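Student: Listed below, chain by chain, are the residues.
2 protein chains.
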Amino acid sequence: MTVNDGFQEHFTPRLKRFESNLERALPRADEAPTSLHQAMRYAVLGGGKRIRPLLVYSAAEALSLEDTRVDALAIAVEMIHAYSLVHDDLPAMDDDDLRRGQPTCHVAFDEATAILAGDALQALAFEVLSSDRGLTGSAAARLRMVRGLAAACGSRGMAGGQAHDLEAVGCRLDREALETMHRMKTGALIRYCVVAPAWLCEIDGARRSSLHRFGSLVGLAFQIHDDILDETGDAVETGKPRDSDRDRNKPTFTSTLGLETSRELARDLSEQALGCLREFGPQSESLARLARFAVDRRG
Amino acid sequence: MTVNDGFQEHFTPRLKRFESNLERALPRADEAPTSLHQAMRYAVLGGGKRIRPLLVYSAAEALSLEDTRVDALAIAVEMIHAYSLVHDDLPAMDDDDLRRGQPTCHVAFDEATAILAGDALQALAFEVLSSDRGLTGSAAARLRMVRGLAAACGSRGMAGGQAHDLEAVGCRLDREALETMHRMKTGALIRYCVVAPAWLCEIDGARRSSLHRFGSLVGLAFQIHDDILDETGDAVETGKPRDSDRDRNKPTFTSTLGLETSRELARDLSEQALGCLREFGPQSESLARLARFAVDRRG
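Just so you know, the sequences run in chain order A and B.
Take 1 as the starting number for the first sequence in our numbering and just add one per residue.
Take 1 as the starting number for the second sequence in our numbering and just add one per residue.
Read the hints as simulated data drawn from the structure, not as lab findings.
Please note that a few of the clues may not be correct.
The calculated SDA-like cross-link candidates involving lysine to any residue, where the alpha carbons are at most 20 Å apart (straight line), are [as the list claims (entries may be wrong)]: (1) Lys250/A to Ala32/B; (2) Lys250/B to Arg289/A; (3) Lys250/A to Lys250/B; (4) Lys49/A to Glu285/A; (5) Lys250/A to Ser35/B; (6) Lys250/A to Asp110/B; (7) Lys250/B to Glu111/A; (8) Lys250/B to Lys49/A; (9) Lys16/A to Lys250/A; (10) Lys49/A to Lys250/A; (11) Lys250/A to Ser286/A; (12) Lys250/B to Asp110/A; (13) Lys16/B to Arg289/B.
Ranges of calculated distance between the beta carbons of each label pair, as one might list FRET restraints [to be verified]: (14) Glu31/A to Gln102/B: 50 to 56 Å; (15) Ala29/B to Glu271/A: 39 to 45 Å; (16) Gln102/B to Gly170/A: 39 to 45 Å; (17) Glu260/B to Val107/A: 43 to 49 Å; (18) Asp30/A to Gly170/B: 22 to 28 Å; (19) Gly170/B to Glu9/A: 35 to 41 Å.
Because the structure is a prediction, the values reported are computed rather than measured.
Backbone N, C-alpha and C fix where the C-beta goes; we use that ideal spot for every residue, glycine too.
Can you build the whole structure from these sequences, using the hints too?
Tutor: Below, the structure written as structure tokens:
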């Protein structure tokens, strides 16, 4: 029995609400241009663990914000994440045919449609985040959230991290370079998920800093555990073939640090992340569950 | 001598300021990841007529807004336009090797970098638009401008128009379908350029509606004249081979309506656009120049 028993049950009601909101925020499949709208829906509604929305809701909970106040934020971050996967999977990038055991977007549709679906999902994320529905807060706070999302997914965040990732194929990176890449590629958006609710309610700097640090640590822990699963995991549970990154000659934490050191580092980061939650008290239970899940999940 | 003599001279000081602002809004070429940042700069700083920024400044002038109040808006729309060209030129889309007589972004760099440069430029546009520099106005007005930009470039705007465009290859479209496609593909962003300054200064609905109508008419006039130039223009002045759309088997206004009817339609739209400016008086001179330029330019 792990400390994270009941993880699914804990988040199920929230996830159910989220999936229904997410579906309604997307254009209908029969709205023209239909192939584009179907591809957008395919990319977003094809499952996934919804870690980023759960981080949003859990950070909101730690700040005593009701779920309904961050619905638009949760939708926006998942749309950004989905668009990034569609583009990362493209033939010119990672050239992946399968994602979560299903054909990737450019395989199910075509390359042009996949590129446009990603583009349109990025735009839709900003539209949702700046709309009048599903977020309450001052206009100034909401503008700050828009700016933060843009920074998290731009060339100094997610897109820049993917560029580093492509440059690193076939290279040996040291731990610092590897961490820099992942702090940009996946870390920036994960940090944003936990910091944005703090901007929304305009809380003081100390608690916002703790959330920022929590996001950094958990983001890295997720990535290292991903690399561990890539090497040791079950293809059915992870949804991709084992060793896929190693086959692609990408530097990983396990190839750089070895499996055991990687495991220790991930656990250590998760523990440090839990330490950031002290000042939030029992309201941070959901965040704590996510910090543990980062390093004890099997897929 | 045309009515638009002195077009270049009229806008030169503004364009000079704009180019310098635009350059400074981009990440430096030596900032890591360098290939991505170089590609972003290549895509944005490679020239172009800067019609969208000029529409922004000209609409601001009609509303008695100083140029400095819309600098960020002008930069944001040009970044969106540049990103759309980079993605449209990709092998999976229009597969163009040349743009303005220079190698397209994916030729000068590589496909993955071009995809990421487009992605990062879209994000940067939203970052610039929501930043504290270069725009003054209430936070609520600025949030409205963010929402408008997102809608203009999403699946119901620019990205959706490009999807219609790709679907239309090899098809015969009637005038209505062709207009719908272009109202989305290029029209939505052009309309946004003239309407967004009205949101910024929160002016009344009537003048905003006139600007909206002006933007619709001018956007379509630009597109029809593009099709005319594509069939009749000089490759040196237009920067692309003559008949490139026809070669690609794309429906155009000239193939649908014939050359003479297209010319009459473009002139008629430009005249109608000029009619929308009456209530703005002499302050709308710059917008009027752009409406004329739409249909009398040679490239």
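Student: If a hint holds in the structure, say so; if it doesn't, say that too.
Tutor: The hints, checked one at a time:
1. Lys250/A to Ala32/B: holds (19 Å)
2. Lys250/B to Arg289/A: Measuring from Cα to Cα gives roughly 54 Å; hence the hint is violated.
3. Lys250/A to Lys250/B: violated (41 Å)
4. Lys49/A to Glu285/A: OK: Lys49/A and Glu285/A at ~18 Å, within 20 Å.
5. Lys250/A to Ser35/B: holds (18 Å)
6. Lys250/A to Asp110/B: This hinted pair holds, its Cα atoms lying about 19 Å apart.
7. Lys250/B to Glu111/A: holds (19 Å)
8. Lys250/B to Lys49/A: Judged against 20 Å, a Cα distance of about 41 Å means the pair is violated.
9. Lys16/A to Lys250/A: Roughly 36 Å between the alpha carbons, so the hint for Lys16/A and Lys250/A is violated.
10. Lys49/A to Lys250/A: Given pair Lys49/A, Lys250/A is violated - Cα atoms ~24 Å apart, limit 20 Å.
11. Lys250/A to Ser286/A: violated (33 Å)
12. Lys250/B to Asp110/A: Distance of about 19 Å is within 20 Å: holds.
13. Lys16/B to Arg289/B: holds (18 Å)
14. Glu31/A to Gln102/B: 50 to 56 Å: violated (37 Å)
15. Ala29/B to Glu271/A: 39 to 45 Å: holds (41 Å)
16. Gln102/B to Gly170/A: 39 to 45 Å: violated (30 Å)
17. Glu260/B to Val107/A: 43 to 49 Å: holds (46 Å)
18. Asp30/A to Gly170/B: 22 to 28 Å: Holds, since Asp30/A and Gly170/B (Cβ atoms, about 23 Å apart) stay within the stated range.
19. Gly170/B to Glu9/A: 35 to 41 Å: Between Gly170/B and Glu9/A, where Cβ atoms are some 53 Å apart, the hint is violated.
Of the numbered hints listed earlier, those contradicted by the structure are 2, 3, 8, 9, 10, 11, 14, 16 and 19.
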